[in-house]
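These protein sequence lines are chains Y and A, in that order.
The first sequence lines up with residues -3 to 566 when you count with my numbering.
The second sequence lines up with residues 4 to 198 when you count with my numbering.
Everything labelled a hint here was simulated from the structure, so no lab data went into it.
Bear in mind that the values here come from a model prediction, so they are computed numbers and not experimental data.
Each statement offered as a hint is correct.
Computed cross-link-like contacts, PhoX-like style, restricted to lysine-lysine with a CA-CA straight-line distance of at most 20 Å:
#1 308/Y <-> 102/A
#2 307/Y <-> 102/A
#3 518/Y <-> 275/Y
To be clear about the criterion: a stretch of chain Y counts as covered by chain A if any three or more of its residues have a C-beta under 8 Å from a C-beta of chain A, and this derived list gives those stretches:
#4 3 to 17
#5 46 to 59
#6 184 to 195
#7 232 to 239
All C-beta atoms, glycine included, are put in the ideal place defined by N, C-alpha and C.
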Amino acid sequence: MTGANWLQLIVLVVFLVAITPPLGSYLAAVFGGGKAPGDRVFAPVERLLYRVGGIDAEREQRWNVYAYSLLAFSLVSVLGLYLMQRVQGWLPINPTNVHAVHPAVAWNTAVSFTTNTDWQSYSGESTMSHFTQLAGLTVQNFVCAAVGLAVAVALVRGLTRRASSTIGNFWSDLTRGVVRVLIPLALVFALVFVARGMVQSLNGFHTIRTLENAAGRVPAGPVASQEAVKEIGTNGGGFWNANSMHPFENPDGFTNLLEILLLLAIPFALTYAFGKMAKDQKQGWVVFSAMFALWLAAVLVTSFAETGGNKKLDPLRVSQTSQQGTSIAGNMEGKEVRFGTAGCGIFAPSTTGTSTGAVDCAHDSLTPLGGGVPLANMMLGEVSPGGVGAGLYGMLIFVLTAVFIAGLMVGRTPEYLGKRIQAGEVKLVVLYILFVPLVVLGFAGASVIMHTSASARLNPGAHGLSEIVYAFTSAGNNNGSAFAGITVTSNWYQTTLGLCMLVGRFFLMVPALAIAGSLARKKTVAASAGTFPTGTPLFAALLTGVVVIVVGLTYFPALALGPIVEHLSL
Amino acid sequence: MMMRRQLVAAVKMFLAFTVLCGFAYTFAVTGIAQLAFHDQANGSLVKVNGRVVGSKLIGQNFTQAKYFHPRPSAAGANGYDASASASSNLGPTNPALLKLVRDRAVAYRKENGLTPNTAVPADAVTASGSGLDPQISVANARLQVRRVAQARHLSVSAVTTLVARHTQGRTLGFLGEKGVNVLELNVALDRLSTS
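Kindly generate the complete structure, drawing on both the sequences and the hints.
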């Protein structure tokens, strides 16, 4: 890591910490009820949307009605997006003349973009029309992020309300998230991206003739508008196959760092919003610290691994050092010159610590350790800092686990924010924690045993196993990045990966909402001498430990056979 | 009953958001971008004598000795297919990758008249992430200078100066990495040769 590389990381951290309080306060105002900044502009738009939808936004919902609304909206989204892909050949704004998307791909993509996964079993260039990109995929980039936000604030309401039967109104949370948070941010940063060189038009390919008189093509499309919300909403689905490695999706070192900042911004800021809504900022900072520690550790390991290079290339007299700043140090396979290995060292852990899954370097070509970190990051359930909303509710589930473990240690009924955590909640927490590993490891194991699915690997040996494990981990945790060498176009992968995405999204959201409902009903109890304080650095450390241990026990064998064996073979 | 009411609301809201986030938002961004950043929004195209020869940001292949050559590319069957951006996805320990790198290093040394022991910059023998990387490292460009100068009957120092002029530094001095834009450098070379 050069001095400039370190400075880049430090500047990112400074901006991240600096924007957390103001953005968090804003989020708390948007979802806290009562007046919020910008009411004059936003309220009329919201009223219009409510009128179209026939929605009484003032009417609060019990947790199960809230969940019904959420599932109904997601179901309609999946069906709507599927249909759009199937008929895109007959729709306008199709300058690249693509036909209907194959049914298996369309199903997989519809589920993928609706669950904030944005896993892509297709190449954007040759599969999606501009119409589908802007009216289908971009829309889901907004609304599914707002659905995540909604569940997070519903859980926070559950924790902070007393003896309440309701946890908010889903339609109102969804609409406010889109109108007041995502659209304004996306609008501003889409234009910043265009200014730096991202394309934004409704054109197809430009035909060119090169200096050597060969025919060539330059792609075009409504890219920047999708790119902004792709990061801000931790979606991660690329307009084109190469995602944020593509020069038109990530033109330079500045956009690269900005994309990282944007995908981390809301997940981290939500911890501050949580502190604000809980009227105890320390609780917010504890969650922030645990997320930040896990994120920074991942960034440092990946950065050193990637800038250190691939030892296997040294005997071939390939220079992987910076040669007095004239070359780029490290493992350059699958990387772009303008970001180098250090830019990838920050991007890869950030995109997998959140549920983004955008990539600025090819994860399949990362060094064993550099690629093991993104894999482990997703296995954590994406809580460092996690997806928009999903990160906060995921971490709060771990908080409940941590207070439960602390309660066992001191022999008292565990409490959090004055709420007793009892058998009912702990059962739901266990359910939440077990669902994803069950499908991820189950399907990955089955894929390894079956000849046809095992032969889908591109790379041999331990790395090939990692490709399969990575695919299911990515889908199950709604990430969407890939060790992309694996061919996942078979019906087996399209179907099972789609199922993993559904489980990883809705089988977690429903228990989270159930916990919210159950906690909202409870009265608060005053803290006593036996209460384990949760606003302290000690608790932040305990929380971090719980995350690592719970996940470690679940996934260590898979990690040992994949990245760890490969690292030892270097 | 409740489920049906929720489903009806869901359909209406889905359509409303499609109009708002799909059409209104995208067209607003497109409109402003086309007005305020017309050049970038349309692909930062590079023209020579009125003919579009490429985009500043999209790498393309060069094979002739008189041009600087880009990095290896895995986009499309022959590389640099801008309708099929892609990386190789070869893992770090994959024998196929190691063989490719060895072969590329041998070819690179031969092409540029380097001794068999010359260390080759990593970017010259590895495929980029997008397959459309518009840049090469400064070290990579410098090793190609002699070949290009010979092919064009130019002095090595003239070509070296041109490389320096087309080296793009880190944004703000610390964001990303330094690199040489291959297309812009080659356009400048042609201009130098004809003037």
